[in-house]
Amino acid sequence: MQTVRVRIAPSPTGSDLHIGNVYTALINFVFAKKNRGKFIVRIEDTDRTRLVKGAEGKILSSLKWFNIYYDEGPDIGGPLGPYRQSERLSLYKKYAHKLVGKGNAYYCFCNSSRLNQMRKRQMEKGQPTLYDGFCRHSDPRISAKRIIKEKFVIRLKVPRQGTTVFNDLIRGPISFANKLIDDQVLLKSDGYPTYHLGVVVDDHLMEISHVIRAEEWISSTPKHVLIYKFLGWQLPVFAHGPILRNPDKSKLSKRKNPVWASWYKEQGFLPEAILNYLALMGWSHPEGKDIFSRQELIDKFRLEDLKAVGPAFDLVKLEWLNGEYIRQTQNSKLKTQIYEFLDKKYPQELISKTIPLIKERIKKLSDYLPLCRFFFEEPENYEWDIISYRSLLSKIVLQLENLNQWKSAIIGQTMKVLAEKLKIKNSEFFMVLRVAVTGQKVTPPLNESMEILGKEKILSRIKKLINEKNPSHRHQ
RNA sequence: GCCGCCAUCGUCUAGUGGCUUAGGACGUCAGGUUCUCAACCUGAAAAUCGCGGGUUCGAUUCCCGCUGGCGGUACCA
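Following our numbering, the numbering of the first sequence begins with 46 at its first residue and continues without gaps.
Among these hints, one or two may not hold up.
[What the hints assert, rightly or not] Derived pair list, reagent style BS3-like, types lysine-lysine, alpha-carbon separation capped at 27 Å: (1) 409 / 398; (2) 380 / 398; (3) 390 / 103; (4) 274 / 202; (5) 378 / 109; (6) 380 / 390; (7) 440 / 409; (8) 440 / 509; (9) 508 / 440; (10) 461 / 440; (11) 468 / 404; (12) 143 / 274; (13) 79 / 352; (14) 508 / 470; (15) 224 / 165; (16) 310 / 389; (17) 466 / 502; (18) 310 / 409; (19) 274 / 103.
What the hints contain is simulated information worked out from the structure, not anything from laboratory work.
Keep in mind it's a predicted model, so treat the numbers as computed, not measured.
Between the sequences and the hints, there should be enough to build the whole structure, so can you do that?
Here you go:
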């Protein structure tokens, strides 16, 4: 059996790893693991104008955050490197000129303004916008002289007749009429390859067996197929998965949906939950499970089962899944995650005590602090004006002071008895106490929270409120 | 404009010619539980399977057309 070698080829042109790339990476990674193959990362940094400094590092570290580890890559090397296209320029040049030599490509000296005008005219006439072949038929010997002094590109010489067909593992055979395939630029005038040349040369040299990428590449695949053919190289298996969509069904974009991996991290999503959610896009567990481990995904995944429909990214469902993962997390591990999420600003011991109270109340790590701030800081503002409850608070203090065992069950029992004696509804009674102690209307269970905070702190908080001259100014 | 891909509840999906009065999940709504909020439990609403033709004894499932959505159409990837 052929060795499976797959890759993702992100471009360092954004601020981080795009969630769509995470999706593609997941599929490639899982497919590689399933087939005991290799998963490779190659950086396609051939667009010098859009290059973002530091983006490559971000991409790589985000991949690591997801624990999508790779066997070969720009930072760890590998047998078929380098894995950064900017370090492979001589290779592309070599093959581009080889194609020219074989008559499958040609030098082109057209400038962009002529090209733009040409396209505009074609558009107006209702024709496809393709290069008109101005330089296609120039005498090769003359062109060869011109390239010494003039700026030039190398274009693919696409046959004018026939069709180019390739088989897509997910979609079946896809064919394009050659006359509608553009004479694509392969080598830019700055000496860098375009994606189309780079991807074919590298995929071949790196012995990529399966090209698994998003749907947006379908229409350029025939160009790639032609290059493979001209160079006499064996075709990889092509599989074009769905493209992730915004809720309005357009291609997932940063304008309409969070797309950077770092955003999800900052929001306190867990990497495993995100991956699980992504796995549900275009694929479903054979037993209909919604929650499954990555190993289970590897066991059950089949590339052919991937759907071709572009799924809308649903943050609400992701949040639900993330909540499920939080509930499944061991308390001690969750404690550490929250501790680190909050930049280690709050004591671990205290966080640890609160975990059982909040575990099923948070969906993201970022939900923790708004719910639990009062454990770490004295309340500054009060979400409800409880000034009129001063006398009730005084009675509460009296009861609490008499307690010699500071346990949630005892606190709760005592408070319930008091509420009953005073004929105050439990809901009202506890809300007064809740706001007095925490400042918040929404908190973890109150009796347990009071136990954690300790008798001294609770009493001082309530007393402070009673003695305050004009507490209303702190009410928000 | 031109080329291509796709089409089941609001969303993610199951379904591969009769087992389907189309199943599950998220969300929504109602009820239960309850010191708030969650979590949990129960229940409900929600897709005439985009539309129109075929093929067939029988189509969500096969074929064609249309429509719609999306993608591509760059010396961006």
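Point to revise | Hints not upheld, ascending by number | key: Of the numbered hints, 7, 11 and 19 do not hold.
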